[in-house]
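K.L.:
These protein sequence lines map, in sequence, to chains A and B. Per the numbering used here, the very first residue in the first sequence carries number 172; after that it's consecutive. Per the numbering used here, the very first residue in the second sequence carries number 3; after that it's consecutive.
Read the hints as simulated data drawn from the structure, not as lab findings. Everything numeric in this text was worked out from a predicted model, so none of it was measured. Incorrect hints may have been included.
In silico DSSO-like links for lysine-lysine, alpha-carbon gap of 30 Å or less [to be verified]:
#1 Lys235/A x Lys389/A
#2 Lys54/B x Lys219/A
#3 Lys198/B x Lys303/A
#4 Lys192/B x Lys309/A
#5 Lys52/B x Lys309/A
#6 Lys192/B x Lys52/B
#7 Lys54/B x Lys309/A
#8 Lys491/A x Lys34/B
#9 Lys34/B x Lys219/A
#10 Lys54/B x Lys200/B
#11 Lys192/B x Lys425/A
#12 Lys235/A x Lys192/B
#13 Lys303/A x Lys199/B
#14 Lys303/A x Lys192/B
So the derived list for chain A, only partly shown, Cβ under 7 Å to chain B, looks like this [as the list claims (entries may be wrong)]:
#15 Arg190
#16 Glu203
#17 Val208
#18 Asn244
Even glycine gets a Cβ: it sits at the ideal position worked out from N, Cα and C.
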Amino acid sequence: MATELSTPTYLPSPQLTPREGDLFNLDAALTEEERAVRDSVRAFVDEKVLPLIGQCYVEGRFPKELIAEMGANGYFGANLPEEYGCAGLNNVMYGLIMQELERGDSGIRSFASVQGALVMYPIYAFGSEEQKRHYLPKMATGEVIGCFGLTEPDYGSNPAGMITRARQQADGTWILNGAKMWITNGSTAQVAVVWAKTEDGDESGKSIRGFLVPTNAKGFKAKDQKGKLSLRASDTSELVFDNVHLPADAILPKSGGLKSPLMCLTQARYGISWGALGAAMACYEEALSYSKERVMFGRPIGGFQIQQVRLADMLTEIVKGQLVSLHLGRMKDIGTFTPQQVSFAKRNNVNIATDIAREARRLLGGSGILAEYASMRHMANLESVYTYEGTHDIHSLILGQAVTGLNAFGG
Amino acid sequence: MKIAVCIKRVPDMDVRFKIAPSGTAVDETGLKFDISDFDGYAVEAALQIKEKLNAGEVVVISLGGDVVQETLRKAMSMGADRAVQLKADGTHVDSFAIASALAAELKDGGYDLIMFGRMSIDTAHGVTGAIVAELLGLPCVNAISKLEFDGRTAKMRRELEGAYELVECALPAVVTIDEGIARPRYPSLKGIMAAKKKPLESKPAQLPAARLSLDALALPPERAAGRIIGEGTAAVPELVRLLKEEAKVL
Ligand SMILES: Cc1cc2nc3c(=O)[nH]c(=O)nc-3n(C[C@H](O)[C@H](O)[C@H](O)COP(=O)(O)OP(=O)(O)OC[C@H]3O[C@@H](n4cnc5c(N)ncnc54)[C@H](O)[C@@H]3O)c2cc1C
Ligand SMILES: Cc1cc2nc3c(=O)[nH]c(=O)nc-3n(C[C@H](O)[C@H](O)[C@H](O)COP(=O)(O)OP(=O)(O)OC[C@H]3O[C@@H](n4cnc5c(N)ncnc54)[C@H](O)[C@@H]3O)c2cc1C
Chain A
172 MATELSTPTY
182 LPSPQLTPRE
192 GDLFNLDAAL
202 TEEERAVRDS
212 VRAFVDEKVL
222 PLIGQCYVEG
232 RFPKELIAEM
242 GANGYFGANL
252 PEEYGCAGLN
262 NVMYGLIMQE
272 LERGDSGIRS
282 FASVQGALVM
292 YPIYAFGSEE
302 QKRHYLPKMA
312 TGEVIGCFGL
322 TEPDYGSNPA
332 GMITRARQQA
342 DGTWILNGAK
352 MWITNGSTAQ
362 VAVVWAKTED
372 GDESGKSIRG
382 FLVPTNAKGF
392 KAKDQKGKLS
402 LRASDTSELV
412 FDNVHLPADA
422 ILPKSGGLKS
432 PLMCLTQARY
442 GISWGALGAA
452 MACYEEALSY
462 SKERVMFGRP
472 IGGFQIQQVR
482 LADMLTEIVK
492 GQLVSLHLGR
502 MKDIGTFTPQ
512 QVSFAKRNNV
522 NIATDIAREA
532 RRLLGGSGIL
542 AEYASMRHMA
552 NLESVYTYEG
562 THDIHSLILG
572 QAVTGLNAFG
582 G
Chain B
3 MKIAVCIKRV
13 PDMDVRFKIA
23 PSGTAVDETG
33 LKFDISDFDG
43 YAVEAALQIK
53 EKLNAGEVVV
63 ISLGGDVVQE
73 TLRKAMSMGA
83 DRAVQLKADG
93 THVDSFAIAS
103 ALAAELKDGG
113 YDLIMFGRMS
123 IDTAHGVTGA
133 IVAELLGLPC
143 VNAISKLEFD
153 GRTAKMRREL
163 EGAYELVECA
173 LPAVVTIDEG
183 IARPRYPSLK
193 GIMAAKKKPL
203 ESKPAQLPAA
213 RLSLDALALP
223 PERAAGRIIG
233 EGTAAVPELV
243 RLLKEEAKVL
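Same shape as in the complex, but just chain B:
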């Protein structure tokens, strides 16, 4: 099975962000970057499929400047066979434009399965996979937590609120991955060394003109200090009252 996994380079979310002087981007000074969480699950799921079938190829694709090569190499150090960088400097926020460039690359790739994370953890648009499917005329199943195959049929599970859904579709298909599917492995040391020797192809991204622009970024207002309303069980009635009447969350 030939699998493509589209991965995005995102900043580590555990830090305090600053907005760049442009007002439309995050200040990248001192940030640490990694594969977006859900995309990491997708890479792991793809590798497990390949290992189970003991055949096939896993290709990772990322759109961005040369910095994404490090992200691609990380996926190869986990076990992906080769990587493609769709070179595009600057920030890109129009999911349709990004999906178009990815679709152009994926179209003639002969992929049986194209995988995405359910959404990227920085911008959280969650639409790129679905747009790619539409552009390629392929079925798309979003946010799957389980994936199995019966010949050329993919059998998937989606988690719903208090229930789950079982879905089937014929390959080739596009799927987006939810976190339940597989915990990403640590790259082994041999994997890290091997990644240096795996092919990483860089080509210009065929990006159509963006129809969406990012006008301004703003940090949320500082949260007011918390309030301690009492201790132990005696405080519970007052807490419930405030959650109902003041915070209006109950």
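With the rest of the complex left out, here is chain A:
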């Protein structure tokens, strides 16, 4: 009996031939709507972000003037359902939005990641119906801005050790004390999702719960962190809670244990795996175009073998990263992706992006150190991305544990 050979046709757009700039024809792996979403965000970034971001970076300010339009366009929490005012997109579309925003700047993408994956997502996943109806539609439009407070001055990679404490009073209300550090959007936000322990002597973090804290509450202070040499077009703040009194319904009722904030991080890290590729694409494209224009020793530097190796390496790593994120996104859409896979993608894609940004900067010679060009800005930004949402090392340990079954976090 002859066996039947089955050839799955998994490309959604097999009719597409490789476009200039898309050597590997990755467009064929996207649907028409996915490409439409990407192209729309790309046009927004080209027209609204790129003209001002270099200056914002130098000034060290987040371009707040873009928030309303980003909201109106549907970029915040875009993979959450339409019934809460969100765009209801699939996860590949969501990833493509992150890619395009970070092609502008990691600070812009960070803003959208925090708003969508770290604030809207926990409200959606752990919030009461009332909290969802109250917050999500206004956060989707950017009318309300959120921040996510997990990291503390003494507990970064190991949040289970956090000190911040919420004590429930006899009347059911809460008193919050503690401090958070490195909080993106901290000074811009109207609401903070704060993670705090609710029991004494909890070392494992099993009593950690999420709280919705209005940033104008008495005893809440946010202070800008000064002197950043990375992610300068982003607001990063220290939060202090000094006997902040919260109503009983400030708690996210379905949150429970360290697992809850980690679930948020899994969402955000998925988006970051795409975002870092956007930064890498911007650097690669800048380097490519510079290499064709800059003439040295009588020819465009792109005509020298050294620079061609550089460009070929950059392109190769970007394409590999895109295939990883795309596969991850398809698995996320059918609900089979795992946090270890997300660690894989975050770790690899951010790492290759830092290398690509540095190589692009080098290819640009002296011009490469200027804010007029994007590569060095991305290079410096990506150092934050390398550290936040689980440092590169921490993701190595997660992968190491996944393959060996041995926990190396303790040493």
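Place chain B with the ligands on chain A using the hints.
P.N.:
Okay, now just chain B with the ligands, sitting in the frame of chain A:
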């Protein structure tokens, strides 16, 4: 107000074109397509009219193979209410034949306003709108940069060299749109999702026999390398002389 906007799918102009082996068409391998620029302004202008009046319908129409459905969906993702594909495979170069097929579709549509781009950015004939107006017996105003209404009267502005012209005409009318009118919006993400659910009707184009054929396409000759004649203000007199005597552009 019921508005029709006729849109054309054209290749992205920022690439190096190759001619297909037939010699009469562009090689479409690897090209990216979008709504022709001026047609995009027309879609935006139509949407703004509808939004201002808070009533009416914007219908987008395109003639071509099934690939134009993507172009139509893009216009619907910007906000157009529905779309009509006049199905015609192959390339069509006879503007009169195309205008006839469009006019046949538009005739009984009950449109108050029919909009076109001033010209398509690929073939740049710039006559389709005017021929449609003629076939439908409607007034036609070309290349307008502003459009307002006073009841059933359209008031328009046209840019001229160093001056402008104000024109009025009664509706229904055909207008073609210049770029000054409105910058096309990006489709919002919700718009992109909504476009999938909007009606897109496909029917055969009633194309009369073409009386015009395209015989050959050729790329312009490679431009010779530029010449640097000097630096700073010292070079200006020589530059002016060459522009006058050699290039003959002054
Ligand atoms: C710009 C920016 C924005 C941020 N935004 C937010 C935010 O919005 N919300 C939020 O909660 N946090 C935020 N963070 C915090 C971020 O998540 C932390 O910086 C990160 O978790 C690392 O913590 P840490 O800085 O305390 O470094 P540490 O945990 O002190 O790590 C220092 C070094 O030790 C290594 N290390 C740690 N543990 C181990 C181990 N077991 N084995 C080997 N090496 C180890 C790390 O890899 C790193 O190289 C942000 C950070 C930055 C820089
Ligand atoms: C902060 C700063 C301070 C400086 N100070 C001084 C100063 O005091 N005095 C001074 O005279 N200059 C100074 N320079 C200039 C510096 O020496 C030049 O930037 C450097 O020589 C590179 O030249 P370039 O920037 O024009 O790059 P390019 O020469 O255009 O090089 C661009 C890229 O092409 C590569 N490339 C060039 N030729 C080839 C080839 N044949 N094959 C393969 N790859 C090639 C380069 O390695 C580089 O990656 C300074 C530069 C900087 C950034």
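K.L.:
Keeping to a limit of 30 Å between CA atoms, is the pair of Lys54/B and Lys219/A held or broken?
P.N.:
With a Cα-Cα distance of about 25 Å, the restraint between Lys54/B and Lys219/A holds, given a limit of 30 Å.
K.L.:
Is Lys192/B within 30 Å of Lys52/B, Cα to Cα?
P.N.:
19 Å, holds
K.L.:
Given the hinted pair Lys235/A and Lys389/A, is their Cα-Cα distance within 30 Å?
P.N.:
25 Å, holds
K.L.:
Under 7 Å, Cβ to Cβ, is where Val208/A needs to be relative to chain B, so tell me if that hint holds or is violated.
P.N.:
At 6 Å from the nearest chain B Cβ, Val208/A passes the 7 Å test, so the hint holds.
K.L.:
For Lys54/B and Lys200/B, compute the direct alpha-carbon distance and say whether it is at most 30 Å.
P.N.:
22 Å, holds
K.L.:
Taken at face value, is the distance from the CA of Lys309/A to the CA of Lys192/B at most 30 Å?
P.N.:
16 Å, holds
K.L.:
Is the hinted pair Lys54/B and Lys309/A satisfied, with a Cα-Cα distance of at most 30 Å?
P.N.:
Satisfied, since the Cα-Cα distance of roughly 25 Å is no more than 30 Å.
K.L.:
Quickly compare the C-alpha distance for Lys303/A and Lys199/B to 30 Å and report which way the hint goes.
P.N.:
27 Å, holds
K.L.:
Sort out whether Lys425/A lies within 30 Å of Lys192/B, counting only the CA atoms.
P.N.:
29 Å, holds
K.L.:
Hint Arg190/A vs chain B: min CB-CB distance below 7 Å?
P.N.:
5 Å, holds
K.L.:
Let me know if the C-beta of Asn244/A comes in closer than 7 Å to any C-beta of chain B, holds or violated.
P.N.:
5 Å, holds
K.L.:
Can you confirm whether the C-alpha distance between Lys52/B and Lys309/A stays at or below 30 Å?
P.N.:
Holds. Lys52/B to Lys309/A sits at ~26 Å (cutoff 30 Å).
Checked against the numbered hints given earlier, this structure breaks none of them.
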